[in-house]
Amino acid sequence: MPYVELDKLRFHYQTRGEGTDVILIHAFTSNSSIWLLTNIVDELSKEFRVTTYDLRGHGATDVPQSGYESSQMVDDLVQLQDALGLGAAYLVGHSYGGVIGMHAAYKCPDRVLGVVLSDTYFPGMAELEPNMGQAEPWGELREHLAACGREIGETVDFSRLFRTIREMDDNEFQVIKDRLGIVGARWLSSLSKLSSTSAGEEAFQPDGLGSEQLSHITQPVVALYDEFSPFHATCQFLKDHLPNVAMDVVPGAKHLAPLQNSTAFVSLVQGHLRRLAGIPTAVEPH
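Take -19 as the starting number for the sequence shown in my numbering and just add one per residue.
These aren't lab readings, by the way, just hints derived from the structure by calculation. Positions of the beta carbon are idealized from the N, C-alpha and C atoms, including for glycine. Treat the hints with care, since some could be wrong.
[What the hints assert, rightly or not] Derived lysine-lysine pairs resembling DSSO-like cross-links, with alpha carbons at most 27 Å apart:
| # | residue 1 | residue 2 |
| --- | --- | --- |
| 1 | K157 | K173 |
| 2 | K26 | K173 |
| 3 | K157 | K(-12) |
[Stated by the list, open to error] Using C-beta positions, here's what the derived DEER-type ranges look like:
| # | residue 1 | residue 2 | range |
| --- | --- | --- | --- |
| 4 | A68 | A126 | 42 to 50 Å |
| 5 | D158 | N224 | 46 to 54 Å |
| 6 | G67 | R(-10) | 17 to 25 Å |
| 7 | R(-10) | T261 | 26 to 34 Å |
| 8 | R(-10) | V225 | 17 to 25 Å |
| 9 | L17 | P260 | 42 to 50 Å |
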């Protein structure tokens, strides 16, 4: 498993293909293996050099106590680009990965060719989504944990979630495994390592990326929002205020497009990246 050391932390990464750089950025509490559950790396690496990596505190990357704000994540990303010799890149970010991608576009515009967002919620525009705790992803997680006698509340609180998972025993995880399957249970169990960090608070700080900053991003942005996304107001804001934005919808998905409709997700990402990179679309012979 390849690692690179960035500012005394070991980051797990993978790179495949040749061409213009594309970097895939996973969501908060996820890891780079989400891309392996689709064929996105296989498809994109036919025409691009594709890099995936685990954010700090996630997957096989080291787990520091702090540094989970999006600006620090951008610093990690830029250091990764430097360490691996990557050029300016198209960034594909799912959920919080999109926050990192857009913050990079604003903070380090020379390192970002464009950004593809997947159902991203921006903490700096939390007023647009006042009912985030009622969104289906959090509601489903609350329901699964309630089945084993655990309560995480109606307000999104990842620090509480991490502490709750740390306290769960084998019998409770068996209930989760029965409901989510072994992959889902393994994912949930892995979050306990964040319970001793400030990740749950820091990742949801505005951190200098609000509506004003987003409106000044000039690189091309593709806003992919799921058909049943809980973040319609955010999607509408991006459509109305970004100077260079294309909108698209992932059918049938409800925040987890890479898993809930991977075929459409991969096709849309690939099509938009090819368009942004000026790669001609093959014409079928008549």
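Do the alpha carbons of K26 and K173 lie within 27 Å of each other, as the hint requires?
Answer violated: K26 to K173 is near 36 Å, above 27 Å.
Supplied distance hint 17 to 25 Å, evaluated on CB atoms of R(-10) and V225
36 Å, violated
Between K157 and K(-12), is the straight-line Cα distance small enough, at 27 Å or below?
Measuring from Cα to Cα gives roughly 35 Å; hence the hint is violated.
Assessment of proposed distance window 17 to 25 Å (beta carbons of G67, R(-10))
Once the Cβ atoms are compared, 23 Å apart, the range 17 to 25 Å for R(-10) and G67 holds.
C-beta pair A68, A126: status relative to the range 42 to 50 Å that was hinted
46 Å, holds
Looking only at beta-carbon atoms, does the pair L17, P260 fall within the given range of 42 to 50 Å?
30 Å, violated
Decide if the proposed pair is consistent with the structure: K157 and K173, CA atoms, cutoff 27 Å inclusive.
19 Å, holds
Distance restraint evaluation - D158, N224, Cβ atoms, bounds 46 to 54 Å:
Distance hint for D158, N224 holds at roughly 47 Å.
26 to 34 Å was suggested as the range; check whether the CB atoms of R(-10) and T261 agree with it.
For R(-10) and T261 the Cβ distance comes to about 40 Å; the hint is violated.
The structure fails hints 2, 3, 7, 8, 9 (numbered hints given earlier, in ascending order).
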